[in-house]
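Engineer: Line by line, the protein sequences give chains A and B. Using the numbering used here, read the first sequence as starting at 1 and increasing by one per residue. Using the numbering used here, read the second sequence as starting at 387 and increasing by one per residue.
Just so you know, the hints here were simulated from the structure itself, not pulled from any lab data. Small disclaimer: the values here were computed from a predicted structure and weren't measured.
As a list, the in silico SDA-like pairs of lysine to any residue whose alpha-carbon atoms are at most 20 Å apart:
#	chain 1	residue 1	chain 2	residue 2
1	A	Lys153	B	Thr517
2	A	Lys153	B	Pro524
3	A	Lys153	B	Phe519
4	A	Lys153	B	Val527
5	A	Lys119	B	Arg514
6	A	Lys119	B	Phe523
7	A	Lys153	B	Phe523
8	A	Lys153	B	Leu525
9	A	Lys119	B	Ser513
10	A	Lys119	B	Ala505
11	A	Lys119	B	Phe519
12	A	Lys119	B	Asp500
13	A	Lys153	B	Leu503
14	A	Lys153	B	Asp500
15	A	Lys136	A	Cys176
16	A	Lys119	B	Leu525
17	A	Lys153	B	Pro528
18	A	Lys119	B	Arg502
19	A	Lys119	B	Leu503
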Amino acid sequence: MEDQAKSGNQEGHEGTRRNPGAGLSVRLRKRFNPDGEFDLLVAFSAPSGITILFGPSGAGKTTLLDCIAGLTTPDDGQITIAPKALFDSARGVNLAPQARRVGYVFQDLALFPHLSAEKNVQYGLASLPADECRRKSAAILESFRISHLRARKPREISGGERQRVALARALVTDPCVLLLDEPLAGLDAATKSKIIDDLRQWNQAHQIPILYVTHTREEVFALGDRVIALAAGRILAQGTPHEVMTAPREETIAQLAGFENIFDATVIAVNQDRGTMTCRLAGSKVELETPLVRAEVGGALRVGIRAGDILLSTLEPHGLSARNLIPGRMLSLTQRDVMMVAKVDCGGVEMEVHLTLAARDSLALQPQQQIWLVVKTYSCHLMAGS
Amino acid sequence: MDWQAFRLTLQLAALVALVLGVLGLPIAYWIAYSRWRWKFVAEAMVSLPIVLPPTVLGFYVLLALGPRSPLGRGWQVLTGHSLAFTFEGLVIGSIIYSLPFAVQPFAASFATVDARLLAASATLGASRLRTFFRVIFPLSVPGFVTGLALSFAHTMGEFGVVLMVGGNIPGVTRTVSIDIYDKVQALDYVSANATALVLFAISFVLLSLVYGLNRRIWVWPWK
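Isolated chain B, as found in the complex:
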């Protein structure tokens, strides 16, 4: 078993979930409350990664990270090396790839907060920021947790974007899904199966925890 790939995958997923947990909030807030008439275009943009083949997304991310794009050049100037085929590049690609899995549950739960509570908060003198942290966010915790867990699990299972952006460098960009692919290519079905089972188990346990904890009525299922 390639434990290095596991460690790398978990690191990547945790980092992406963390970044999306911060970055996703203002985007979701805007999607839930903006009255801009072109908002639907932005919503479509955010949701694109759900429907696009990961290779398409990965291809453009690769171009954007490469030395010919402003982002890639800027990174090169700052750090002295290219973004493509690095762990940082993988993080950026994964953030874009998993963005809807964080933003959509966040926005959906923000939108279900009773508008009268927001009005009450405003008449009591609270700014929008304070209203967000004192009212909207506390009432959206289940949606927040769901978004974090989905983006974590989704990042853990990604394949195409990683392959396009990161390649297959052990310890740097070789994640579990790439590792499984390699093993299958090498006809090593036994270790491919072992690794796949572990990934399967982790994802299943994680999602069960999320849906279990988010239940309206909290009971032990075996009682």
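Looking at chain A on its own, in the form it has when it is part of the complex:
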């Protein structure tokens, strides 16, 4: 056992990994409801560390977590935390949630409202002797910086503090896998990143797989070692955040990944030596220089451009490194929270551009105004055409 662990260390890139075999592997099918529109049908494995489950609401993320925790029974498949099978339809294995040792932080946290923070944390330690239980809960309250709240009820503490209590309650039981269902939704960025730091620190010592459900793009880049993109019950892509999010092959991920602008395009020139191509957007004369992908002249592609990656100029720009200057006419300008959303007609295609309020004021933007859009070559993301 010792030797195995050591050889595992040399192969794995994480030197401190305690139990190299203890990954989560899931292969299951679950019908949503009798007349449901889709099944949940997934197969993936998650080693120790954070794996992001990314997808729109209704994609089946919470159902998947419920299956792993044993709160919902899949129609068939296998769920294993090596070497223990939690569920195996072929062998008739279906462990009760109590026997799975799965830590689960629910979307609404599900803290026990009638118990203090400390009693919540100690809830899962009932089998331990009283002093051991107190010692463990004190230690985890300390490491999540909530010792001072131990006597307070959940409704008497702030949102971020409640998330910490919920995390501590799940982690103090030493789970084999941790499921987090949008646990940090509704927190400001600073609070969020502090909690994530504490979680990462905890997992350096424990090295368990953590499945982290989110539907926000920012969290994917901020947290993930690995991403699994899920939509309508299917896995669309998995890999590093960069692989999954910046080079989407499927339009659904592209929309998930925040491409406000997606256009059909035709390849009109390929510049092998410069590593670029020229594509014309369908229904317009707009030609874009894009990164080179394997495609032939005349081939159909799709181009995705984030609204935040486009620059807007009221004068024709000169001396820029960006290769794509597109003249256009301002169609509309609307405010969304603290951001301006501009719709621009570029002669047959409409582009969405996001600006700050300050930019709107200093440029004195008006509808119908003549403007230029600036798009860098590498801001054009290519995906397979329809």
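Once you've looked at the hints, dock chain B against the given chain A.
Structural biologist: Relative to chain A, chain B alone:
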């Protein structure tokens, strides 16, 4: 005033509320959480005493307690006397009669406990029993108190079942409501009124206490 009848009535009501406070919990738990497809039949059974005339209920309870039923015979063998027309018989009849008044508030409050809390309890390793005593019950205390108080008050005010099952034996089965009936029959309206007023006052104070304590927001009403 027949204080003996009062003492007997309070004893009966307290005992019935106590028994239902224990017996009603598993029944209510089952009603709140079972997914048995025929559950509605059991729910209807439990609720029958609300709609049945007490004489109908009392009649069947009397038969069940009598020497020809297995229950009555068993009791006779064990104790040497019959169940009918005894205080014990009255307790059994009253438990059945007041069952829905305990079970329904219990079950209703169990069902309002957030299912995610039960899921959280399960993933933290707690058995169903532990989940019940650590999560469901503490969050259902208002419903529990309501159920206890309603079954207490309901037992205190029952008449038909007592008359059918218990008869009218002073100190054994003569409760306040029977006592009032007797007094009215004897045209003694003055003492009937006095007794009725006391019963009225006790029931009103008890229910006011329950609803007052169960309020969401606790304030002194006169402030």
